[in-house]
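Undergrad: Sequence:
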Amino acid sequence: MAPPGQWRRIEALPTDVFRQRSPRLASLATQWATERAFLQEQGAEGRLIEQMKNRMAVETGVIEGLYTLDRGVTETLIAEGFSSSLISHADTDRDPQLVVAILRDQRTAIDFVFELVKYQRGLSTSVIKEMHVLLTKHQPTTTAMDQFGNLHEVPLLSGDWKTVPNNPTRPDGAVHLYCPPEQVSSEMDRLLDLYNQYASIGVAPEVLAAWLHHRFTEIHPFQDGNGRVARLLASIVFIKAQWHPLVVLRDDRPAYIDALEDADGGKLQPLIQLFSSWQTRAFVMALGASQAAQKPLETHLEDVLAGLRERLTAQDAPTRTSTLDDVADVVMAVAERACEQIALRITDSLGTALPGLSATATVNTPDKAQAYKGPRIELARSGGYFADFTRGSRWARVMIRPSPSSPTTTLLVASSALGSSLGSLAVVCGLITTDPGTDRAQTTRVCEDYFVATMTDIESDDNKRRLQQQFEEWVTASLVIGLAQWQRDLG
Numbered sequence: 001m002a003p004p005g006q007w008r009r010i011e012a013l014p015t016d017v018f019r020q021r022s023p024r025l026a027s028l029a030t031q032w033a034t035e036r037a038f039l040q041e042q043g044a045e046g047r048l049i050e051q052m053k054n055r056m057a058v059e060t061g062v063i064e065g066l067y068t069l070d071r072g073v074t075e076t077l078i079a080e081g082f083s084s085s086l087i088s089h090a091d092t093d094r095d096p097q098l099v100v101a102i103l104r105d106q107r108t109a110i111d112f113v114f115e116l117v118k119y120q121r122g123l124s125t126s127v128i129k130e131m132h133v134l135l136t137k138h139q140p141t142t143t144a145m146d147q148f149g150n151l152h153e154v155p156l157l158s159g160d161w162k163t164v165p166n167n168p169t170r171p172d173g174a175v176h177l178y179c180p181p182e183q184v185s186s187e188m189d190r191l192l193d194l195y196n197q198y199a200s201i202g203v204a205p206e207v208l209a210a211w212l213h214h215r216f217t218e219i220h221p222f223q224d225g226n227g228r229v230a231r232l233l234a235s236i237v238f239i240k241a242q243w244h245p246l247v248v249l250r251d252d253r254p255a256y257i258d259a260l261e262d263a264d265g266g267k268l269q270p271l272i273q274l275f276s277s278w279q280t281r282a283f284v285m286a287l288g289a290s291q292a293a294q295k296p297l298e299t300h301l302e303d304v305l306a307g308l309r310e311r312l313t314a315q316d317a318p319t320r321t322s323t324l325d326d327v328a329d330v331v332m333a334v335a336e337r338a339c340e341q342i343a344l345r346i347t348d349s350l351g352t353a354l355p356g357l358s359a360t361a362t363v364n365t366p367d368k369a370q371a372y373k374g375p376r377i378e379l380a381r382s383g384g385y386f387a388d389f390t391r392g393s394r395w396a397r398v399m400i401r402p403s404p405s406s407p408t409t410t411l412l413v414a415s416s417a418l419g420s421s422l423g424s425l426a427v428v429c430g431l432i433t434t435d436p437g438t439d440r441a442q443t444t445r446v447c448e449d450y451f452v453a454t455m456t457d458i459e460s461d462d463n464k465r466r467l468q469q470q471f472e473e474w475v476t477a478s479l480v481i482g483l484a485q486w487q488r489d490l491g
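Numbering of the sequence shown is given in the working numbering, commencing with residue 1 and proceeding in unit increments.
The hints are simulated quantities; they were obtained by calculation from the structure and are not laboratory data.
Hints are all accurate, no fakes.
Pairs of lysine to aspartate or glutamate, DMTMM-like flavour, derived with a Cα cap of 20 Å:
id	residue 1	residue 2
1	K240	E45
2	K267	D16
3	K129	D189
Listed next, with one range per pair, are the computed distances between beta-carbon atoms:
id	residue 1	residue 2	range
4	S88	P14	46 to 56 Å
5	Q442	L177	42 to 52 Å
6	R381	E182	51 to 61 Å
7	E182	T30	45 to 55 Å
8	I201	I377	42 to 52 Å
9	G265	S405	48 to 58 Å
10	R190	Q470	32 to 42 Å
11	P180	G202	27 to 37 Å
12	P14	T408	45 to 55 Å
13	R381	K118	30 to 40 Å
14	P181	A333	50 to 60 Å
15	T34	D329	23 to 33 Å
Yeah, the Cβ is synthetic: ideal placement off N, Cα and C, and Gly gets one too.
Build the full structure now, drawing on both the sequences and the hints.
TA: In structure tokens:
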């Protein structure tokens, strides 16, 4: 293997990930297949897909530095569509009309990918070149460096392989070598041969998408636009599996670059894990949309059914099968221990300097089941789903008071059912602080990642241990991030 940063011929899928498959993602996909049918019946799926396409179209250009866009305007464009009337000059660093033209090009390319899958067109070099043409319709030039190290604009070869090297120089002065122009055609043929081979034998979507994306970027066949094309290629894999397109948000960029560099060094696993986390995020949003579609019609019915479930399963306790409440019990037992450990560390570290400080850990009990209802609703809404208080509803928290007269700060870990069927549990971590000016509580999510667990995770002792270990890592990291956020808020 060539050292990281140097070009090498693309490699086959590593044997250590060849048969890898995420049971949790597979379970989410099964649940989504059921709830997707309901959305289709209600005519609501189209709206969800439109917003996913729009979000991908916006973010794929932001992370490449084609333009900047205000976050609020971004949400408006995702909801309303692409119009220059929605963008002011203060919202972006480019001409709003040009930004909209590029957004529409990127949206057209995404639509092309969906149509490609719908009509079962095979992936070929001509198809990939067609994607590039669509993406770069309003990008006539790209930035190049001359032999003296000066940057200047040159005409972009739209839909054609590069004819000169496009090797970037890193901040440390090292040059990252991509495939030489004369090798591009043969390397692309090999990429597609391997892709078709892996697709035919059922390599897991998250593995195949990560491999295809990375190997394409190793070749870097186009003069510019390779990252955008790579995300479209990964999206093809996911859409074929009836999952969701690959949406990489601007805040994801550092982790994304790190994972790609790990893959350059021969470690594909971090990129697979990242793609898995983004698919989980997409499933959470999609299942939240299913909840939104059903909630107005079924709120009362769901409450009644939840009560019936509790009573009927209680009557049949000896043969009772696992439920989402069992999953919640497993993860929140871990959350309780993590909260206790954090509270103890706070007391040990700060208690001498702050004699009046108190830090306590608590979990919900039946008499406190409805506590923190407002913050839990707000946290779920920020994640795109409903806080369902009838299934899997649990909470654990660390409450911190620097002195008896100080307002409290709370780190809250909350779980609830995800979607309208029985399959998944979403866990989120939030920070509840008190605004000194208004004395009102404010709730913010401490990190973008959710933790999603399914009933598959407790089907066996091995699965349960794996779930506990993974959740312990997530919840501990989330609580630490929450403490760091509180520290920043204190100034």
